[in-house]
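Asker: Residues per chain are reported as follows:
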Amino acid sequence: MLPRELEQEIAAMVRDTDHVEEKIIDVIYLLQRHFGYFSDEAMGHAARLTGKTEVELEELATFYDFIYREPLGRFVIHVCDGVACWMHHENGLFDYLCRKLGVAVGETTPDGLFTVLPTACLGNCHNAPAMLVNGEHYGRLTPEKVDRILEELRENADTIPLCLCR
Amino acid sequence: MSEQVLFKNRRADCRPASLADYRAGGGYDGLIQAVRTMTPDDVIKEVMDSGLRGRGGAGFPTGRKWSFVRKDAPHPRYIQCNTDEMEPGTFKDRILVNTDPHLVIEGIVLCGYAVQADHGVFFIRPSYDADARLLERELDVAREAGFLGRNILGSDFSFDIDVHRSAGRYICGESSAQANAIMGKRPNPDKNSHMTDSGLWGLPTVVNNVETLASVPAILRNGVEWFKSLAASPTGDGTKLYSVSGEVAEPGCFELPGGTRLGDIIFGAAGGMLPGAEFKTCLPGGTSTSFVAREHLETPMDFDSMKKAGLSLGTGSVIVFDRNTCLVQATINILTYFARESCGWCTPCREGIPYMKHILERIEAGEAGERDVALLQRVADGMQHAYCGFAPGAAMPVHGLLNHFRDEVREHLGGRGCPFKGAGVVKPGLWTTLDRDAAHPDAAHRDTDSGDADAEGRDG
Numbered sequence: 001m002l003p004r005e006l007e008q009e010i011a012a013m014v015r016d017t018d019h020v021e022e023k024i025i026d027v028i029y030l031l032q033r034h035f036g037y038f039s040d041e042a043m044g045h046a047a048r049l050t051g052k053t054e055v056e057l058e059e060l061a062t063f064y065d066f067i068y069r070e071p072l073g074r075f076v077i078h079v080c081d082g083v084a085c086w087m088h089h090e091n092g093l094f095d096y097l098c099r100k101l102g103v104a105v106g107e108t109t110p111d112g113l114f115t116v117l118p119t120a121c122l123g124n125c126h127n128a129p130a131m132l133v134n135g136e137h138y139g140r141l142t143p144e145k146v147d148r149i150l151e152e153l154r155e156n157a158d159t160i161p162l163c164l165c166r
Numbered sequence: 167m168s169e170q171v172l173f174k175n176r177r178a179d180c181r182p183a184s185l186a187d188y189r190a191g192g193g194y195d196g197l198i199q200a201v202r203t204m205t206p207d208d209v210i211k212e213v214m215d216s217g218l219r220g221r222g223g224a225g226f227p228t229g230r231k232w233s234f235v236r237k238d239a240p241h242p243r244y245i246q247c248n249t250d251e252m253e254p255g256t257f258k259d260r261i262l263v264n265t266d267p268h269l270v271i272e273g274i275v276l277c278g279y280a281v282q283a284d285h286g287v288f289f290i291r292p293s294y295d296a297d298a299r300l301l302e303r304e305l306d307v308a309r310e311a312g313f314l315g316r317n318i319l320g321s322d323f324s325f326d327i328d329v330h331r332s333a334g335r336y337i338c339g340e341s342s343a344q345a346n347a348i349m350g351k352r353p354n355p356d357k358n359s360h361m362t363d364s365g366l367w368g369l370p371t372v373v374n375n376v377e378t379l380a381s382v383p384a385i386l387r388n389g390v391e392w393f394k395s396l397a398a399s400p401t402g403d404g405t406k407l408y409s410v411s412g413e414v415a416e417p418g419c420f421e422l423p424g425g426t427r428l429g430d431i432i433f434g435a436a437g438g439m440l441p442g443a444e445f446k447t448c449l450p451g452g453t454s455t456s457f458v459a460r461e462h463l464e465t466p467m468d469f470d471s472m473k474k475a476g477l478s479l480g481t482g483s484v485i486v487f488d489r490n491t492c493l494v495q496a497t498i499n500i501l502t503y504f505a506r507e508s509c510g511w512c513t514p515c516r517e518g519i520p521y522m523k524h525i526l527e528r529i530e531a532g533e534a535g536e537r538d539v540a541l542l543q544r545v546a547d548g549m550q551h552a553y554c555g556f557a558p559g560a561a562m563p564v565h566g567l568l569n570h571f572r573d574e575v576r577e578h579l580g581g582r583g584c585p586f587k588g589a590g591v592v593k594p595g596l597w598t599t600l601d602r603d604a605a606h607p608d609a610a611h612r613d614t615d616s617g618d619a620d621a622e623g624r625d626g
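Chains as they are written, first to last, in our numbering: chain A, 1 to 166; chain B, 167 to 626.
It is possible that part of the hints are untrue.
[As the list claims (entries may be wrong)] Footprint (simulated), chain A over chain B, 3 or more residues, beta carbon under 8 Å:
| no. | region |
| --- | --- |
| 1 | 183–194 |
| 2 | 250–257 |
| 3 | 332–346 |
| 4 | 488–500 |
The set of hints was computed from the structure by calculation and includes no laboratory data. Every residue gets a Cβ at the ideal spot worked out from N, C-alpha and C, and that includes glycine.
Please put together the full structure from these sequences, using the hints given.
Answerer: Pasting the structure below:
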């Protein structure tokens, strides 16, 4: 069962459009945010609410990099691996984050808070090296700055609302 | 500073211009003039005469593209404003949207008027979610003010714009793939139909880049001759946003006369190299352009001049490399990106890009010989047979590497491996030691253009 508000929000979104297809990604995002990832259960709801088959939805879910079919942390740390960031951190940022959090790239910390993922160029090249967490861009990173950001997110994890495209 | 047309309302504190800010500088006057005194054909003719060309990389004449929409074409007609911008090194559209959202909105509405479209779609990548929220807010403001929606400014022209959030993938920047993405399909490109005949939902659709559309309002307001006079070269056409990243002192996005020389962008606007760094090469227009030779620094950065020099302007996003950065490693990084982002639909792209990467990794490790370099060349040449422009773009840095830096590649061969990994190679600009603010305390362009720069911990 979905919370009534979410069910109604999605139903209205589908009802108010000429083409339900245009809204599929938005529906997936809403469900993904609710379930933490685009779980099989979320997939079932998406299919029911949009009238699409699960195969059609899976075809999209497996293509895009901001749709997650596996569980991940509350905060997804998208580390830019574009060439401008690469030339400054030379993978040191990945190493630092992974060491700090005790995970490998793609893994989630045991407390369920952080997942580190490589991400296509974030469009923040003049502030390289850069990363994106919960819709916020962080640039000109240094080890000290990374420490501060992680600490801030950890401390406020319960109160920071999750953005749609996490 | 040369005339700022697109960045006219850029502020030091990075706050996006409000509707009032935009109106104060003549914003929406172009639209008012168009719907009250001009026919759609007048608008198309003006844009065609201005010489404005697509700023997303392809450089196709904008007015001509608009003229392809037939007068008797069915409705609804669509405008797709491409805010995908995933090419590494490219960040101009993010800054433009964050600087002056209404400039972009007016550009889309004018395009809509010119081809008598009914709907606009802002296609925006997921990592720009803050920008999507900003645009949704400002679209409401524009609607409220009568610049959008039913019967715009009391005319019989009605047009509205939606924001479409993408879920990420570089291929979505290709116009037909983008249409498929909006229509809820897997976003493979479709080269069999013309978007202006059969785009979104099988109806006429014009796809333009953010910067292209944002250039239109001022053309209508100030005229064709004025627009042409802004350029630094005969075919520069207006101003151009150049974004500069890499080993330069003051990376950023700069609005300069179209056709500004490459060297002037790097050593003028971007403050030259980082202390301790020495210029080796750059990618002049994002990662799907070629590494350049030193003499190319003289080349004006416009579509025609770059083409004449055997290069391409791409998005005008200059990524600068230091003498001590290994270009084989850099190319491996770029091909890793392209291999991951390929939609995998056609064989040259799906198989060829990982294969080029594999050969380069063998070169980097010292496991390759001259025959491998020849093979790399052959595979790169073969990329032109791919279905869309993605794979030929991915091969461009490889071509540049082999054309201009073959000697550096050769230094890796025959068991020697990477010469840049040895002791004594000091590389400036490592993230643990890089402090741009300390290096240039008086830098004029220190703003970070995030739109939220005042928040703690971000982009400082």
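Asker: Now tell me, hint by hint, if it's right for this structure.
Answerer: Status of each hint after checking the structure:
1. 183–194: violated (count 0)
2. 250–257: holds (count 7)
3. 332–346: holds (count 5)
4. 488–500: holds (count 5)
Checked against the numbered hints given earlier, the structure breaks only hint 1 and satisfies all the rest.
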